[in-house]
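As given, the protein sequences belong to chains A and W, one line each in that order. The first sequence begins at 18 in the working numbering and counts up by one. The second sequence begins at 75 in the working numbering and counts up by one.
Incorrect hints may appear among the rest.
Capping the alpha-carbon separation at 16 Å, the derived lysine to aspartate or glutamate pairs in EDC-like fashion look like this [said to hold, decoys possible]: (1) A:K426 - A:D355; (2) A:K281 - W:E169; (3) A:K426 - A:E390; (4) W:K180 - W:E147; (5) A:K281 - A:E304; (6) W:K188 - W:D157; (7) A:K426 - W:D208; (8) A:K138 - A:D90; (9) A:K97 - A:D122; (10) A:K185 - A:D195; (11) A:K129 - A:D190; (12) A:K299 - W:D157; (13) A:K215 - W:E169; (14) A:K426 - W:D207; (15) W:K151 - A:D76; (16) A:K399 - A:D355; (17) A:K323 - A:D90; (18) A:K214 - W:E169; (19) A:K205 - A:D355; (20) A:K138 - A:D190; (21) A:K323 - W:D207; (22) A:K399 - A:E349; (23) A:K323 - W:D213; (24) A:K323 - W:D208; (25) W:K151 - W:E187; (26) A:K426 - W:E147; (27) A:K127 - A:D68; (28) W:K188 - W:D130; (29) A:K281 - A:E302; (30) W:K162 - W:E147; (31) W:K151 - W:D122; (32) A:K226 - A:E311; (33) W:K168 - A:D212; (34) A:K185 - A:D122; (35) A:K185 - A:D113; (36) A:K185 - A:D230.
Treat the hints as calculated values from the structure; they're not laboratory data. Note that the structure is predicted; figures quoted are calculated from it, not measured.
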Amino acid sequence: MNDYHNRRGFLKKSAITTLASLVGTKIMFAENIPAHVTPLPLLSDPVDGKDPGMTVLSDRPMNMEAPAHLLDDPVTPINKMFIRNNGLPPSEESIDPSAWTLTIDGESAKQKRTYTIAELKQRFKPHTYQLVLECGGNGRSGYYPPASGNQWSQGAVHCAAWTGIRLKDILADVGLKDNAVYIGYYGKDIHLSRDAKKVVISRGVPIKKALEDETLIAWAVNGDDIPLFHGAPLRLVIGGWPASVSGKWLHTISVRNIVHDGPKMGGSSYRVPVIPVQPGEKVEETEENFRIIESMPVKSLITHPKSGAVLSSNRSLSVRGHAWAGDLEVTEVNVSIDYGCTWQRANLSAPKNRLAWQQWSAKIDFPQNGYYEIWVKATDSKGVSQPMVMPQWNPKGYLNNACHRIAVKVAV
Amino acid sequence: MNVRRVTLAVAAFFVIAMGITCVSDLRNDQTTTDTTTTTSLVDTLNYDPHSGLVVDTTLGLVVANCSGCHSTELIRKSRFTRDGWIAKIRWMQKEQNLWDLGKNEKSILDYLEKYYSPSSLDARAQMRREPLDDIQWYDYQ
Numbered sequence: 018m019n020d021y022h023n024r025r026g027f028l029k030k031s032a033i034t035t036l037a038s039l040v041g042t043k044i045m046f047a048e049n050i051p052a053h054v055t056p057l058p059l060l061s062d063p064v065d066g067k068d069p070g071m072t073v074l075s076d077r078p079m080n081m082e083a084p085a086h087l088l089d090d091p092v093t094p095i096n097k098m099f100i101r102n103n104g105l106p107p108s109e110e111s112i113d114p115s116a117w118t119l120t121i122d123g124e125s126a127k128q129k130r131t132y133t134i135a136e137l138k139q140r141f142k143p144h145t146y147q148l149v150l151e152c153g154g155n156g157r158s159g160y161y162p163p164a165s166g167n168q169w170s171q172g173a174v175h176c177a178a179w180t181g182i183r184l185k186d187i188l189a190d191v192g193l194k195d196n197a198v199y200i201g202y203y204g205k206d207i208h209l210s211r212d213a214k215k216v217v218i219s220r221g222v223p224i225k226k227a228l229e230d231e232t233l234i235a236w237a238v239n240g241d242d243i244p245l246f247h248g249a250p251l252r253l254v255i256g257g258w259p260a261s262v263s264g265k266w267l268h269t270i271s272v273r274n275i276v277h278d279g280p281k282m283g284g285s286s287y288r289v290p291v292i293p294v295q296p297g298e299k300v301e302e303t304e305e306n307f308r309i310i311e312s313m314p315v316k317s318l319i320t321h322p323k324s325g326a327v328l329s330s331n332r333s334l335s336v337r338g339h340a341w342a343g344d345l346e347v348t349e350v351n352v353s354i355d356y357g358c359t360w361q362r363a364n365l366s367a368p369k370n371r372l373a374w375q376q377w378s379a380k381i382d383f384p385q386n387g388y389y390e391i392w393v394k395a396t397d398s399k400g401v402s403q404p405m406v407m408p409q410w411n412p413k414g415y416l417n418n419a420c421h422r423i424a425v426k427v428a429v
Numbered sequence: 075m076n077v078r079r080v081t082l083a084v085a086a087f088f089v090i091a092m093g094i095t096c097v098s099d100l101r102n103d104q105t106t107t108d109t110t111t112t113t114s115l116v117d118t119l120n121y122d123p124h125s126g127l128v129v130d131t132t133l134g135l136v137v138a139n140c141s142g143c144h145s146t147e148l149i150r151k152s153r154f155t156r157d158g159w160i161a162k163i164r165w166m167q168k169e170q171n172l173w174d175l176g177k178n179e180k181s182i183l184d185y186l187e188k189y190y191s192p193s194s195l196d197a198r199a200q201m202r203r204e205p206l207d208d209i210q211w212y213d214y215q
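Based on the sequences and whatever the hints tell you, model everything.
If you want it as structure tokens, here you go:
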């Protein structure tokens, strides 16, 4: 711990005085602040190297997203990747890749085995995939009544190139029992309460998804070591599903004979009502009422130009962006400048690999000067499109895949 | 009688003078500290530059009790009814080791309900997609 705590982990009197002067008020119930808690003003955990244009929603836990125009690269650079942390990352000093291990255990593993990162690199073949990781709550701010949680706009998504070994290779090495149902991860993040006994988040996926070629145990992103806030030194990376299944600071994967029951698997966490509900409706948090979110819905972004473009020399404009569809592929992207009355088909590239996002582009000719909104709509390989209005409301505000749009003024 | 009238007049003068001083103080506060607000919901409120929360006599209590584990952004970006805020507090007490707020709970809830309730967003509920706002126009080359 730091200098603010005494040996029993409680705040020292001097720390409380410092805090009071920083906050400008007497600290009520200071004696009740739990052991090992560092109040906000005494703590700083800056995230080095992030683009200054990133939007910070919360600095503890650290949650930041990219405005759409920062996501223009086909492969998202690390400095523009969103961060969604449920707890606090382990301290930088505690991360020693040469000592870090990954353990495979659980009721449905034939044995318990522990590997060092060096062993993983040496024993299994490395693979690199571009994978879309999108927060299940991306777009939450659009819902009404407001849903609890980070009020993400559209930028809690990225598609980076992850390098590691296939989870299926290591599971084959350990051996799976026939009754394996699910895998669940465990990471070394620290609970916000600093209670060492509490697990911050431990989620997972069904065995079928775990055994896909693209499901990786990764140590590198875009060719570099994984940065601290993105899960250094080892991360489970699973594209197309809520990014919370891609466990950071990974130290254990349990092969379960039941649907994994770690924190944030149950209740209404990363779940939506089985039956469509009226906006604002209270839904009792039972297993029967909620289902776990699996593949994310079809979605697209306009990443160029940035919203607010004023065209003064030319009434035509090249627009571009990305489209993705969870486990599926995007088959069609359309743009509209008249609020959906007419649509213009965009050019669409094939994905670099399965579960990577695809690039689209279009040239738009505006009929006359004025205010326009450019809307984009993607359609997946099952023929399902994005809604222009808000999709089905749900208590936690997940899965908002409403069409993205930007404002453009033509003043030639 | 006369003495009483004079006393009253003097008292009234002081009250008015103090009122003017307070109002001008508030204006000064607004120009110096109202930098964090990005919404146009309640233009008349002052925002504390440290926490970003609405300035009110209860602010100290809220900061002391509600920023131990998480940023004040979580409060600033949320909108809940009083019942919703109570549910949040109970959840934090059950799962996140939040302490008993004691007699301060009522004041904290009053504050949260007053400044961070959904009512200010009711207008948005009338639309399935609200108009784009906060557009920063720029010359596109």
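### Query
Is the Cα-Cα distance between A:K138 and A:D90 16 Å or less?
29 Å, violated
#### Entry: Pair hint outcome, A:K399 versus A:D355 [Cα-Cα no greater than 16 Å]
26 Å, violated
### Query
Is the hinted pair A:K323 and W:D208 satisfied, with a Cα-Cα distance of at most 16 Å?
13 Å, holds
### Message
Need the status of pair A:K185, A:D195: alpha-carbon distance at most 16 Å?
### Response
15 Å, holds
### Pair hint outcome, A:K138 versus A:D190 [Cα-Cα no greater than 16 Å]
14 Å, holds
### Query
Hey, A:K281 versus W:E169, does the alpha-carbon distance stay inside 16 Å?
12 Å, holds
### Query
Is the hinted pair A:K214 and W:E169 satisfied, with a Cα-Cα distance of at most 16 Å?
Measuring from Cα to Cα gives roughly 12 Å; hence the hint holds.
### Query
Taking only the CA atoms, is the gap from A:K426 to A:D355 under or equal to 16 Å?
Given that 16 Å is the threshold and the Cα spacing comes to 13 Å, the pair holds.
### Task
Please work out if W:K151 and W:D122 have their alpha carbons no farther apart than 16 Å.
15 Å, holds
### Query
Is A:K426 close enough to W:E147, meaning Cα to Cα at most 16 Å?
33 Å, violated
### Query
Is A:K281 within 16 Å of A:E304, Cα to Cα?
13 Å, holds
### Message
So if I understand the rule, the pair passes when the alpha-carbon distance is 16 Å or less; does W:K162 with W:E147 pass?
### Response
15 Å, holds
Checked against the numbered hints given earlier, the structure breaks hints 4, 8, 9, 16, 19, 26, 27 and 35 and satisfies all the rest.
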